[in-house]
Amino acid sequence: MAILCSAVALAWLTTAAFTYFDTRGLINSVIDAHLQDSANVLLETVGNAAADAKPMATDPDRPLSFRILPVLREGQPAGFSDRIEGDRRWRVFAVRGDAGPWIEVAVRQEVREDFAARIAAHVLHPLWVAVPLLAALIWASVRWGLAPLHRVAGAVARRAPSDTEPLSANDAPRETLPLVTALNELFVRIASVRERDRRFAADAAHELRTPLAAIRTHAEVALAARDRQECQEALQGVLAGTERATQLVVQLLALARIDAAALAGSLAPVELVAILRSVMADYAQQAMSKGVEIALALGDEAQSVVSGNAELLAVLVRNLVDNALRHTPVGGQITLTVTRRDDELVLTVDDTGPGIPIGLRTWVRDRFFRSGPSGSGAGLGLSIVDAIAALHGGTVELSDGPDGPGLRVTVKLPDRS
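Taking this note's numbering, the leading residue of the sequence shown gets 1, the next gets one more, and so forth.
Quick list of in silico lysine to aspartate or glutamate cross-link-like pairs, EDC-like style, CA-CA up to 16 Å:
1. K412 - E344
2. K412 - D342
3. K412 - D386
4. K290 - D322
5. K412 - E397
6. K412 - D343
Bear in mind the hints are in silico, worked out from the structure with no lab data behind them.
Using the sequences plus the hints, can you model the full thing?
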């Protein structure tokens, strides 16, 4: 409202100033034309009459004066000129006929300027009257125009924080329909996010209950153990349950970090091979103790740069290697390969484990899904891989191993650098 009023006031002042000075200029032009017409009439009337060199009249009741001169004084031009005679300023028009005397018709400048100013001020009177009317009209129009927005704002303000029901668009004015539609779309997204978080929290609580219950059971067995061997076996169960719970928490935290909005602002060139080498180093001891070989097959390392989030891509690779290592038997092999195809960077992870049946390859992508009750994982690994790849605009494919049994996971990441 303040900006609108300021803009209108500025426009009004500009219009008033232009009108005032334009009117004054027009009135002065009319007075000049009157001087010229008067001089021409006198010229026709007096003809070759004797010149009268008397000074201009100074009677305040006679703002207009004339005189007849045989010749103009030196330095006084023909036509219009401004002069000072005595203590008066004059606007003079001088004209001469054929070989006749000069006719000078003059008007006092103060009279001329006062007359022009009064006429200009009179012209501005309607503008002055229009100011309060215009202000009232603007106030009423803005208030009327914003009333639908105030109603929408009131409806949103009265809502409970948990209320995500869409606003009714039936009674909404046409001007507010885009806003109401946008708010309803926002409410739908909020409801979807809240439902997803609620379901995720419930699933996480359920999944954590199992390893925690196992830890408690093994701890009770250790407390009640009668010999050292029984106690050690129970404590080994505690350690295994703790490891499983820790892995679940780590993966839950990884899922919590996967945010498309955060990713959009953190894209940068990432050396995928450097991430692979780092993850392989982290799992080297675990693979050695299990008798599993982890190999890296590369083409041109210079072609392994991809635009993405380095932290999330490291989580993706770590989950792939962890899954492969869990399901690869003793003496098996895991091979990581990086290739570039057109505008895609392709990462494949091959293992020599039992693989995944075709009928389960869709289900294993769901959160907390495990292929059997004996599964040692948390059921989140491939879900995390899927989510991170999707945030990078990539895809994940599951297929049989290249040399018989095993699983091949193929991650395709577009090059958006």
